[in-house]
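J.: So the protein lines, in turn, are chains A and B. With the first letter of the first sequence counted as 1, position 143 gets the number 143 in this note's numbering; the numbers rise by one all the way through. With the first letter of the second sequence counted as 1, position 40 gets the number 40 in this note's numbering; the numbers rise by one all the way through.
Worth double-checking, as some hints may not be accurate.
Stated by the list, open to error - List time: in silico DSS-like cross-link candidates among lysine-lysine, alpha-carbon distance up to 30 Å:
{"id": "1", "chain 1": "B", "residue 1": "LYS207", "chain 2": "A", "residue 2": "LYS307"}
{"id": "2", "chain 1": "A", "residue 1": "LYS12", "chain 2": "B", "residue 2": "LYS347"}
{"id": "3", "chain 1": "A", "residue 1": "LYS207", "chain 2": "B", "residue 2": "LYS12"}
{"id": "4", "chain 1": "A", "residue 1": "LYS207", "chain 2": "B", "residue 2": "LYS207"}
What the hints assert, rightly or not - Which chain B residues face chain A? A few, computed with CB under 7 Å, are given here:
{"id": "5", "residue": "PRO15"}
{"id": "6", "residue": "ILE18"}
{"id": "7", "residue": "GLN79"}
{"id": "8", "residue": "GLN168"}
{"id": "9", "residue": "GLY256"}
It should be emphasised that the hints constitute simulated quantities derived from the structure, not laboratory data. All of these numbers come straight from a predicted model, not from anything done at the bench. For each residue, glycine too, the CB sits at the ideal point set by N, CA and C.
Okay, here's what each chain looks like letter by letter:
2 protein chains.
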Amino acid sequence: MSTRITTIYRVKAEPATIEARARGIAVEQSVEMPVEPIDDPFVLENILGQVEEITEIAPGDYEVRIGLASITTGYDAAQFINMILGNTSLQDGITLVDAIFPADIVTAFGGPNHGLEGFRSRVKAKGALSATALKPQGTPPATLARLAYDIALGGIDYIKDDHGLADQSYAPFAARVPMIAEAVSKAGAKTGIATRYLPSLNGNLDKMRAQIALARECGIDGVLIAPMLCGFSQFQTIKAENPDFLFMTHPSMAGGPMAPAFFFGKLMRLMGSDASIFANYGGRFGYSPELCHQIASLCLEEVQGQKPCVPVPAGGMELKRVPELLNFFGTGVILLIGGSLLSAKQKITAETAKFCDAVRNFS
Amino acid sequence: MSTRITTIYRVKAEPATIEARARGIAVEQSVEMPVEPIDDPFVLENILGQVEEITEIAPGDYEVRIGLASITTGYDAAQFINMILGNTSLQDGITLVDAIFPADIVTAFGGPNHGLEGFRSRVKAKGALSATALKPQGTPPATLARLAYDIALGGIDYIKDDHGLADQSYAPFAARVPMIAEAVSKAGAKTGIATRYLPSLNGNLDKMRAQIALARECGIDGVLIAPMLCGFSQFQTIKAENPDFLFMTHPSMAGGPMAPAFFFGKLMRLMGSDASIFANYGGRFGYSPELCHQIASLCLEEVQGQKPCVPVPAGGMELKRVPELLNFFGTGVILLIGGSLLSAKQKITAETAKFCDAVRNFS
């Protein structure tokens with residue numbers, strides 16, 4: 001008997017059709033063919049999806065729980081995504097809202113290698129953490145390095161590449177990363193704060209391996225990665241090969257028929273995100289405070305021995321919001337400030353210091 | 001001056017906010033920071049996204065055209081997706097409906113290596129093509145090979161793995177593929193039809209490379225790949241390394257804020273899909289006949305020297321629908337039949353022959 005992942009979908013359907021609809025999902029996400037001609041008892045008992053429960057939330061709106069056999073994932077992360085949502089992503093009126101992972105799935109993917117404790121200990125902090133991103137793309141490496149130096153002088157904990165910094169001609173990874181790493185390290189020697197630089201990995205597996213090897217040579221011990229761009233198998237591999245690295249995950253391309261709370265709070269954590277960036281409320285994305293609170297709680301709560309993943313609310317962060325946001329999220333958080341810091345221009349070191357002080361001195 | 005990709009979004013917005021909304025997309029998908037502090041003229045002229053046009057489709061419903069610099073993609077397929085939709089996928093009320101690719105983008109990604117002509121010539125056909133999928137997952141390799149043999153005896157053109165067949169313990173790729181390839185080849189020697197087997201690639205780049213090398217040893221010259229699962233960079237790499245192979249693309253996880261016509265008809269083709277599977281009308285997915293017609297037209301139309309990609313409508317195909325569908329799609333098509341063929345059980349060779357005859361003899 002295989003263990004089963006309980007996948008939970010929200011389904012819009014006429015009351016008369018919901019049972020057939022639920023069976024349809026169970027079939028689509030497992031054998032993907034009519035059940036009648038299947039005569040192999042192994043397939044019927046151990047592979048075919050099972051409708052576990054149908055609950056009416058409101059008229060025409062249902063929660064459907066399906067049991068999907070863990071062995072169908074082959075314990076590969078991309079195949080796992082294929083099995084829990086795959087073809088059903090093409091159906092109108094269905095969202096994957098949650099899933100319950102059996103122990104073998106948790107063991108296979110393993111969750112964060114470091115999580116909150118890792119993000120704190122690298123910079124010798126105990127409370128909330130500060131972070132920013134190097135922008136805009138199009139800026140040459142020397143200018144990015146100078147910007148990183150000025151920000152690091154303000155005492156920030158983490159500086160990441162903007163997710164738009166990939167391997168473009170105007171600032172190739174191999175030219176950019178050593179210069180920025182050196183600049184951040186030089187500033188850290190002055191401030192006494194071990195500011196960390198998280199470069200953004202991109203491209204195929206060969207390229208990511210070369211990038212992380214180069215980062216390692218530069219004394220870097222954490223990176224930014226966007227699993228929906230590179231694929232979850234590639235993230236799984238890079239994480240397994242670099243158990244000493246911190247992985248901050250980026251939400252690019254995460255829109256779609258997967259509920260954000262599940263995606264950012266559970267799936268990213270299961271797959272090994274040490275810190276999961278998501279769209280903060282009150283910024284330029286439409287996430288509600290309730291949703292952000294739910295994501296943060298899921299990232300941090302005790303669950304099946306997985307280390308806590310740091311929630312990273314981002315998008316529209318400003319200095320004046322620091323107390324509000326730390327009251328709201330608590331101190332198990334990284335506050336990621338972007339554009340509003342960069343707007344300080346020549347005063348960026350001083351503005352960064354104000355932001356970091358506000359984060360560090362919150363109580 | 002960089003060339004620009006014109007990305008076309010459908011945006012729901014109040015009339016008073018649409019201009020700011022459009023500028024917001026242009027910024028989000030390029031510099032991702034306030035424009036005011038940017039003083040580098042290279043960034044302002046060559047990197048910053050430009051609002052090209054805003055057209056009201058209906059009250060509160062707009063088409064927005066944004067010019068995004070090609071150089072920001074670094075000509076990497078995943079970074080290309082990051083730039084054309086990335087963070088904007090997290091916004092409510094925005095769909096990427098289309099894009100116009102400049103010549104450098106078309107040259108970089110290149111479109112299909114073989115396309116329709118390749119799919120026809122491998123099996124010495126001139127009209128519509130027939131295909132089916134091996135199912136259900138959970139079936140052991142010897143049984144899948146026997147099933148493939150019985151189907152191939154019916155004279156089908158292409159037999160692909162179900163996209164659920166990955167590398168699970170009960171039918172590992174390395175055990176399954178040689179057995180199925182041999183069975184299909186044996187049947188082909190009897191029928192005189194060069195039936196091709198397309199195994200499903202899965203896992204990370206190392207694994208896919210090993211899989212395609214094994215497939216090659218078995219005399220296989222085409223595969224199934226799901227770019228939204230493995231990531232577009234991995235597909236780009238595998239395609240570049242295997243210019244003699246046919247790539248049939250699978251739609252798993254393609255639901256989300258990208259219009260299906262663009263995704264299946266343009267993006268898959270640009271990235272090198274030789275045959276693009278999508279959800280057919282009248283089956284278990286909700287695509288309309290108009291949408292399916294649009295996808296097929298986009299796959300096949302003359303565009304910037306790209307070879308035609310074969311449209312592959314799938315999902316709910318039945319023998320009796322063959323004339324209807326060939327009248328609708330024309331003969332530049334692969335008709336993919338799945339469950340309804342498998343329901344024939346012991347009579348599967350005869351049912352396959354009927355299906356293939358209906359496809360081949362259509363005029």
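J.: It remains to establish, for every hint, whether it holds in the given structure.
T.: Each hint, compared with the structure:
1. Taking the CA atoms of B:LYS207 and A:LYS307, the gap is near 29 Å; set against the 30 Å cutoff, the hint holds.
2. The hinted pair formed by A:LYS12 and B:LYS347 fails the criterion: a straight-line CA distance of about 38 Å is larger than 30 Å.
3. For the hint linking A:LYS207 to B:LYS12, the alpha-carbon distance of about 38 Å lies beyond 30 Å, and the restraint is violated.
4. The hinted pair formed by A:LYS207 and B:LYS207 meets the criterion: a straight-line CA distance of about 16 Å does not exceed 30 Å.
5. A distance limit of 7 Å between C-beta atoms decides the matter here; for B:PRO15 the minimum to chain A is near 19 Å, and the interface restraint is violated.
6. Annotation: interface hint on B:ILE18 violated; nearest CB of chain A at approximately 15 Å, more than 7 Å.
7. A least Cβ separation of about 4 Å between B:GLN79 and chain A falls short of the 7 Å threshold, and the interface hint therefore holds.
8. Satisfaction of the interface hint for B:GLN168 is found here, the shortest Cβ-Cβ separation to chain A being roughly 4 Å, below the 7 Å cut-off.
9. A cut of 7 Å between beta carbons decides the hint on B:GLY256: the least distance to chain A is about 3 Å, and the hint holds.
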